[in-house]
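Starting from the structure of chain C, add chain L where the hints point.
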Amino acid sequence: MSIGTSERRSGGHARVTGSQKFVADIGLEQMLHVRLVHLNCGHARIVSIDTAQALAVPGVVSVLTAAELPQPMPRYGPVFNDRPVLAVGETKYHGQPVAAVAAESKEVAEAAAELVRVQHEELPGVFTVAAALDPASPLVQEPELRPNDPLNHTNVLSERRFGWGDVESARADLVVENVYTFPMITHFAIEPHAFIAAAEDDGVAVWTPTQNPFQMQRILATVLGLPVAKVRVHALDPGGAFGGKQHPKYEPLVALLALRTGRPVRLVLTLEETFQEVRRTSCEIRARTGFNRDGTISFQDIQSDFLMGAYADIAERVIDKSNYLGCGPYRVPNSRTVVRALFSHTTPSTAFRGFGTPQVSWAHESQMDDAARKLGIDRVEIRLRNLAGKGEAFLPGDTPADGDWAVSVRKAADAIGWGTALSPGRGRGLAVAVKAGATTGASYSIVRLHWDGSATVLAGTSDMGQGARTVLAQVAAHELGIPHEWITIVMGDTATVPFDLQTSASRSTVFMGQAVMRACQDIKAQLKQMAAELHAPDAPVVELLRARFSAVRGEVIGVGSYRGEYQPEHPLGGAPSFYEFTCTASEVEVDEGTGEMLLVRHVTVADVGKALNPQHVEMQDEGAAVMGLGHTLMEHILLDDSGRIRNLGALDYRIPTTKDLPLEMHSLLVENADGPGPYGSKGAGEGGLMATAPAVASAVTEATGVVIRDLPLTPERVWLAINEKDA
Amino acid sequence: MQPFAYVRPATLSEALTLLDEHGPDASLLAGGTDLVVALRNRTLRPKVVIDLKRVAELRPSISDEEGWTTINATSVLTDISEDQRIRARYPALVDAAVTVGSAQIRNRATLTGNICHASPAADTAPALLVYGAIANVASVRGTSRVNLAEFFVGPRQTVLQPGELVTSIALPADATPRGATFVRITRRRGVDLATISLCCMVEATGRTQFAFGAVGPRPFLVADESGLLADLDVGDAAKDEVLRRLLTQASPISDVRGSREYREAMLLVMSRRALRLSIARLAAA
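Residue numbers (this note's numbering), protein chains in the order written: chain C, 582 to 1308; chain L, 31 to 315.
Everything labelled a hint here was simulated from the structure, so no lab data went into it. Model, not experiment: these values are computed from the prediction.
Computed, partial: chain C to chain L, Cβ under 8 Å:
hint, residue
1, 1174
2, 1237
3, 1238
4, 1239
5, 1296
Don't be surprised by glycine CBs; every beta carbon is placed ideally from N, CA and C.
Isolated chain L, as found in the complex:
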């Protein structure tokens, strides 16, 4: 680990001023489960680490405001998986959140950090995408909101500009009946990074969305508006054809976690399974 200055602002405006001042020399610390590893491995060498845990406006909280469920920047994954509103409204997000790391990691790691780290394999990204989440962004220049579907640029890259940070993630609270499922393939059952991950959501209207992780430079969202996928009377072969079309955007690579061929095959296998389960969950909703 290379020496760095540590600062712990108490307010958002202090944090933003510091971030503005140090720009690319600063790293933000929330849970630290990605940052500390990078510091230790010297893959990140910030001059300043800005600890966000004491920033009053960013304290852990999950709140309902104007039709949005808002999850503050320092809320950890355990907060999310244990919150009754989240469990009721966004079960697939809970399914995803509980696969991140281990119990110890989830007690430290934040949802916002998982998103801002922008790993193509970020477990919570596909669920947040199908639920239509947005990121609330702030800088010394003001605030903005970014649809998560436009947030990811590439591996470890987001649309955030120097001086900007995400203050919260918000999900639309006004849910039409829907069934959603998060699934992934890993090399082992406990604590693993996804070889592929996906989230499927079937709405009562018949609209079906899929979001995919670990199969391209960024997690991405696609939709079938035809209603065909959700239709109980349509056969598997016809559905496969639609799924294959949705999957054309996926561009998996071969790496230590799996070959391109395996990932491509698993995308289809797991999409079918997630679709079936989502339809069943919609029926039960």
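If we strip away everything but chain C, and leave its shape as in the complex, we get:
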């Protein structure tokens, strides 16, 4: 029961009817409203800030600038403590807040924010990979923030090298070498980021739609100098997150404002401000791949440069994960992958669904296509010849391939009609990608089985639309043998639920799923003991509970945990607990006159081990595929020469609409119960976007004969490529 069935989404009705409470729906007594002050330029020196006029506006309670904050300025981040609460001395990117106005109403805060006079002087900035690597460019980060780092006088945060074999002496019949670029894109969650903070007892409470309440709690405690127990994070279900709500953003600012004013404060960003707050790393990848005549790979030599923005955030982890699996899911005898994370005067990048994989797969998959065309080998066949077999150690010394990946490829090829006749103007493409699943970290769960047989599950996971509540309830229902409807899942309050590392990397089903399962097993052991004590070994659970608790009351409490151990020598700090493997196939029709594209059919195949809720998994993969069409076809943040975002907002930053969907979409699953999660499940939900770009681009090449190595494939870019070919 329950497992493997498409139970209705818990909270789904509230989401689609608009009755779900988001952070922006919460109002506290005496609450102040915050408006950020930013400059309409990129990199600039702050000469002076005059807050007198703003403070004089009736209803304004506080105007905070760097000068009013503790000195030295508190800095924070998930890995490096480099992000200041407010800009100090200079703004490092378009939209970095230089001041914050707290007022009795949103309107007053807005009006007063305009009256904060910031004298500033625009400075030259670093906006491209080339500029970041140019020794003549300004330094984005002050060297004293990384005092012991030999790279602190460059714009390189870190450089990672990985590989095996000997690329230099490997022989090859064909070497293909190309440069690929991946654009800056934003998460575009429908719920903009919102933050509330209030002083509470002798600590602080924060309401935020975070994917990572316990990291938030830890960082706030550090910034504010409070014990962890005095910081309470209410992590409300986010309205979409995609990695953009994983790490602290303006929570420290609102917490400091709340403590300073003694009033609760709320900051709700505009969509435009979210563009200036978070984005995905753009990158340039130079790939040199050696092939043997039969299409097998001889070597892979990849140099990636990720333009991460003004602060480190989680960029180092992004480049590590991208680089570690830089060769994709293939058997590669010789590999050298080098990656750099570069500072720039742009919005700091952060985690984003796929976490570095869509970038590198854009390169390795396009290389496969290039080789296939040059060697005269079918594009599916060349992949099958190189794909690691199940159990094969395709990454020397690490977790072997945990799925029969060729099955997914064949399934996708069949579904797209590979090898069948094409209508004029059409082409097909197929691509694969693999991501290292979650590695380290712990998830804990407490399950309370009540006297009537119903249960409350405490889990620190965030349900941001992926359906974690539903799936965790399914696991508990299955284990405890009670109906799904008898279970309540409690999430998102650090004062109530036990620790969870984070909701990211498709880890919740595996890590929290296991923790819930083990907590239920703990309960079952106690029930067995209880049955023995009551001399009723075969009594149904509900009868046992009634017998045990009718007089004295009480409940059975189970505790479960699951953790991936830290391995200091491992390039990722720990072995991937599973691989997220995807295969995408697409058929497109290109209008050669205009460069416009119609997606006729789009197929994704996800190797998920076991679909605990098939409909949820399909929806997740479908959503990921549509999101992938964004960076493939239309999404890119455009900067002007001074680093200003030119397409700031929904009007000129385009994401796919329902009318942009493929005419036909298929989300197919492969289930072999070969994952580490409950019932053989693996993580899922990122895969659908990891190979979108190379699959669609390959189809465009088949349709038109042009090869495009820069994303997105806008009509203008496709038209230009066709025109250049014809010229």
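Chain L alone, transformed into the frame defined by chain C:
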């Protein structure tokens, strides 16, 4: 949003008096799909917002009067795309109207607002231009009618003087046989602003008109009176030469929606396509 006074006049004369009184401090509200965005972004900061939705004379209506099809100021785009007379007489206007925003936007946005907002990319402008539409204008001083070809001055600028508002848009109802087509280029299929837009109309006489949007400071109308474009026996190369001549007035710029080069190329590509389709529609008419 900056605070403002909200007034809801019941009659046209009240509305005109208010508009006269507040002049540039007033903004008119019909559908609000442009106004509310501007208020929210604080790009417009009126002291008074005059809501026209309850003005008796401006209530949504599409009527036939003295050879004109008259569309009142508060008629929304959905009213237009669903009206059988409009669908029969001005199909290219329907094609244009259904590309504006989303279904939700079209249920609120008015045709008159789309025109008075005077975006160079206004989707309905090219179709209204080829159909020879006029704007009926009123102020406390009286009424006038302005040919739409003379209505647009530049981006967000029209010939309307302080105190004037458009009470309706009217299109000539006496149609000679014709075929018209609206086409545009966008960056995506759903809800987008035009990179370029155009409307082509071929008349039985051989006269061919084109109106272009998003390729200059204002939408504009040009005509080929030679009959060459409509002539089935004339080859593509000769037609291209005429099209290029008609397109000399276009002065597209490079911006986030597209480069000048792409816009120029698309003008020709889409003009050819619209011409072919219009000729086919004329034949079918």
